[in-house]
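A.B. asks: So the chains spell out like this:
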Amino acid sequence: MTDEQLVEAILRQDASAQRLLYDRYARRMFGVCLRYAKGREEAEDLLQEGFIKVFQKISSFKAQGSLEGWIRRVMVNTALDYLRQQKLVWTELDEINDPGEDPSIGEQLGAREILVLVQKLPAGFRTIFNLYAIEGFSHREIAGMLDISEGTSKSQYSRARSQLISLVNELNKESSLTAR
Amino acid sequence: MKNFEDQLKESFDRFEPEVDPKLWQEISRQLPSSSAPADPGAGLASKGLLAKLGIKGIAALVGAGIITAGSLLWINRNEEASPAPAAGPTEITTPMQEAEEVPLRESTGLPSAEAQAEPSRPASAQEPNGSIDHEKIQKSEHALTGISKTGQGESEIKNDSPGPKPAPAPATSGTAAATGEKAPGTGAGTTPPLSTQTTEKQQPVLILSTSGGFAPLSVTAMTNQPGVLADFDFGDGGRSRAGNASHIYTEPGTYILQCEVGGEILQQSITVYGQIPSAFSPNGDGVNDVFTLGEEPGLRVEIRIFSRSGKLMFSGKGKNIAWDGTIDGQAAEAGTYLYDIFATSEGGRSFKQKGTIHLFR
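From first to last, the protein sequence lines are chains A and B.
Here the first sequence is numbered in the numbering used here, starting from 6 and rising by one per residue.
Here the second sequence is numbered in the numbering used here, starting from 470 and rising by one per residue.
It cannot be assumed that every hint is accurate.
To be verified - Below 16 Å or equal to it, Euclidean Cα-Cα: the simulated EDC-like pairs (lysine to aspartate or glutamate) are:
no.: 1; chain 1: B; residue 1: Lys786; chain 2: A; residue 2: Asp28
no.: 2; chain 1: B; residue 1: Lys821; chain 2: A; residue 2: Asp28
no.: 3; chain 1: B; residue 1: Lys780; chain 2: A; residue 2: Glu118
no.: 4; chain 1: B; residue 1: Lys478; chain 2: A; residue 2: Asp107
no.: 5; chain 1: B; residue 1: Lys478; chain 2: A; residue 2: Glu118
no.: 6; chain 1: A; residue 1: Lys159; chain 2: B; residue 2: Glu474
no.: 7; chain 1: B; residue 1: Lys478; chain 2: A; residue 2: Glu140
Said to hold, decoys possible - Derived DEER-like restraints, expressed as beta-carbon distance ranges:
no.: 8; chain 1: B; residue 1: Leu698; chain 2: A; residue 2: Glu175; range: 52 to 58 Å
no.: 9; chain 1: B; residue 1: Ala684; chain 2: A; residue 2: Leu93; range: 49 to 55 Å
no.: 10; chain 1: B; residue 1: Asn713; chain 2: A; residue 2: Ser21; range: 27 to 33 Å
Read the hints as simulated data drawn from the structure, not as lab findings.
C-beta: ideal position from N, C-alpha, C; glycine also.
Chain A extracted, bound-state conformation (with noise of 0.2 Å):
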């Protein structure tokens, strides 16, 4: 079944494909969910919310785009909710310049582990680093989002950058290490 047979099933209120749905994008939308969230309960709760709306709103999907843009726009701004009730203070930064190289993230880093060093930043700069990094937003777009400056978005971005590659070189580090 395509995702437009899918969603048509849906607005015809065939049951099951509700669940249909559900199976074929839950995996990919939780690995969403879990880098916004600080952790794996947290990220159960957006999960969660974020279908509930989809659910809610699939009448307004729009089967120009694809469904699974529109799905995981919904999860995004679902963790950006969740974001905006915990009433961070986002201030603008000096920008770090430059920290050297990027990193090889390397065979042996795979996503788990890169989740656990993304968890480990603070909220705000988890969330502009994935806005910016992962789903590709620019500065002016999250600016709009977060209701902040794009100032502070692009700064906010080089600190959680440069926080990241160091949890990126230390477990490079460590591994080869441990591997030798």
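Please build the complex by placing chain B on the supplied structure of chain A, with the hints as guidance.
C.D. replies: Using the frame of chain A, we list chain B on its own:
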């Protein structure tokens, strides 16, 4: 070399972690449950909290040792496998649990009446897309009764209380609150079908560890009647009289698993697909050079293969999936690898299967 962002993006693009099977049940309960769909925005904090309490309840009961396997399916006798995984047992609420839940709820500062009524009310105002009409709600309600029937305990508590009370007693755990929204929200009109469904206590339910998979397929069957012997007939000649029974299907086919317990006969079909190899030897000799499941018409298969240390070696989906024992063009080491299969049949039934494969060189 690729920059940092691209490397990360790439590795997350393929990231599909396991999702706790309990989550779907939580979601499906909240979906159609009231004439006004729960509002995702305003209700977030309270619902999230309730959901969390629910999960704790589940953990507590599962901890009691009812179920240990990851994804047991609660099979309802009348419903065609509406898979309502492991959360099932929590439905059987004991008075003790009620007592525990009450202070928990109240300590959140949410008066129970408000907690119950609130999610069902403001939704239509905030979500005016009208996508969920009344017909759908009715229908989904039916879908839901299938689930609630598997867990009579809690629903029963709800429906024992006469009609939609103005302030429902806080005797509901977090999980029940989701279901409970329906009763007060939709009023008397929709309550009766639920209560008729749930008047019997401990109706026997057949629980299977999976609804299908590739041979050799190990299936564990049990009922919700602890300590009661049941006669299991696995449909391929295998029989067992026990509280719970395991069986390995070695041949592909569709089998009807029957279970007789307490004078009732419960049954569920199990589909066994073609053999999954236990080893392969990618040495180019033309014999077992690739690890493949072969083609199963009508089955959508995803497979991921991991090394012992958890590194993803291979992933594939669709038809004719085959791993040639290489990763990024390099021959993988001989040894044991773990596979993780997720498959969905055309009928919409899905199963997961894990196992190991030996790679010889």
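A.B. asks: Decide, hint by hint, whether the structure agrees.
C.D. replies: Verification of the supplied hints:
Note on Lys786 (chain B) and Asp28 (chain A): the hinted pairing holds, with a Cα-Cα distance of about 14 Å set against a maximum of 16 Å. For the hint linking Lys821 (chain B) to Asp28 (chain A), the alpha-carbon distance of about 11 Å falls within 16 Å, and the restraint holds. This hinted pair checks out: Lys780 (chain B) and Glu118 (chain A) have alpha carbons roughly 10 Å apart, not beyond 16 Å. With a CA separation close to 14 Å, the supplied pair Lys478 (chain B) and Asp107 (chain A) stays within the 16 Å bound.
At roughly 14 Å between alpha-carbon atoms, Lys478 (chain B) and Glu118 (chain A) fall within 16 Å of each other, so this suggested pair holds. The hinted pair formed by Lys159 (chain A) and Glu474 (chain B) meets the criterion: a straight-line CA distance of about 15 Å does not exceed 16 Å. Of the supplied pair hints, the one linking Lys478 (chain B) and Glu140 (chain A) holds, its CA atoms being roughly 8 Å apart against a limit of 16 Å. A hinted range of 52 to 58 Å for the beta carbons of Leu698 (chain B) and Glu175 (chain A) is consistent with their spacing of about 57 Å.
Checking the proposed 49 to 55 Å range against Ala684 (chain B) and Leu93 (chain A) shows it holds: the Cβ atoms sit about 53 Å from each other. For the pair Asn713 (chain B) and Ser21 (chain A), the supplied restraint of 27 to 33 Å holds, since their beta-carbon distance comes to about 28 Å.
Checked against the numbered hints listed earlier, the structure breaks none of them; every hint is satisfied.
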